[in-house]
Each structure stands twice: as C-alpha cells, then as structure tokens.
Amino acid sequence: MQMLESLVSGRPASALFKSLMGADDSLNARALDNILGLEYPNISPGAFIAIRRWLNLEGGFKVSDEDLDALIAHYLKEAGYVD
0 MQMLESLVSG
10 RPASALFKSL
20 MGADDSLNAR
30 ALDNILGLEY
40 PNISPGAFIA
50 IRRWLNLEGG
60 FKVSDEDLDA
70 LIAHYLKEAG
80 YVD
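Quick note on numbering: numbering that gives the first Met the number 0 labels position 82 of the sequence shown as 81, and the sequence is numbered without any gaps.
Worth double-checking, as some hints may not be accurate.
[Stated by the list, open to error] Listed next, the in silico DSSO-like pairs over lysine-lysine satisfying Cα-Cα at most 27 Å (straight line):
(1) Lys61 to Lys76
(2) Lys17 to Lys61
(3) Lys76 to Lys17
Everything labelled a hint here was simulated from the structure, so no lab data went into it.
Every value quoted in this text rests on a predicted model; they were computed, and no experiment measured them.
Using the sequences plus the hints, can you model the full thing?
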C-alpha cells in the first residue's frame with residue numbers, strides 16, 4: 000500500500016503530510032519529496048519545490064496549506080494520476 004495513496008482520492012496534501020510527520024518526526028521536506036517521487040514518478044519537480052517552500056527549509060517564501068493542497072492536486076492531475 001502506498002503512503003500517499005489518498006492524495007489521488009482528494010485528501011489535501013497538507014493534512015496528509017502533517018499526519019505522516021506527526022506519526023514519524025524524522026520526516027522532513029526531503030523525505031516527503033522522496034516518497035512523493037517514488038509513488039508518483041511522473042509528477043513535476045514543481046511539487047517538490049512546493050513541499051520545500053511549505054516547510055520553509057530555505058527560508059524566505061512560504062507556501063500556505065491551501066496553496067500546497069492546490070499545487071499538489073494540480074501536479075497530480077497534470078501527470079495523469081487524477082482525472
């Protein structure tokens with residue numbers, strides 16, 4: 000079973016990522032990037048940038064939960080994982 004399977008059924012990415020990070024405090028943006036890339040290999044690299052900005056690893060611009068949800072949904076649709 001995929002960890003991020005519920006993304007394609009409409010679960011908001013921010014809620015899923017927060018849930019995963021709450022269950023495993025070793026998860027960070029890079030780990031989430033890796034999981035997303037493994038489970039959805041055709042997704043745009045923009046999704047990884049959105050995750051990193053959402054968790055604000057590089058400082059500066061921060062993506063809101065709502066923006067992350069919209070971006071991940073967009074990239075999943077663009078890659079053909081969601082109708």
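We went through each hint and held it up to the structure:
no.	hint	result
1	Lys61 to Lys76	holds (23 Å)
2	Lys17 to Lys61	holds (16 Å)
3	Lys76 to Lys17	holds (22 Å)
The structure shown violates none of the earlier numbered hints.
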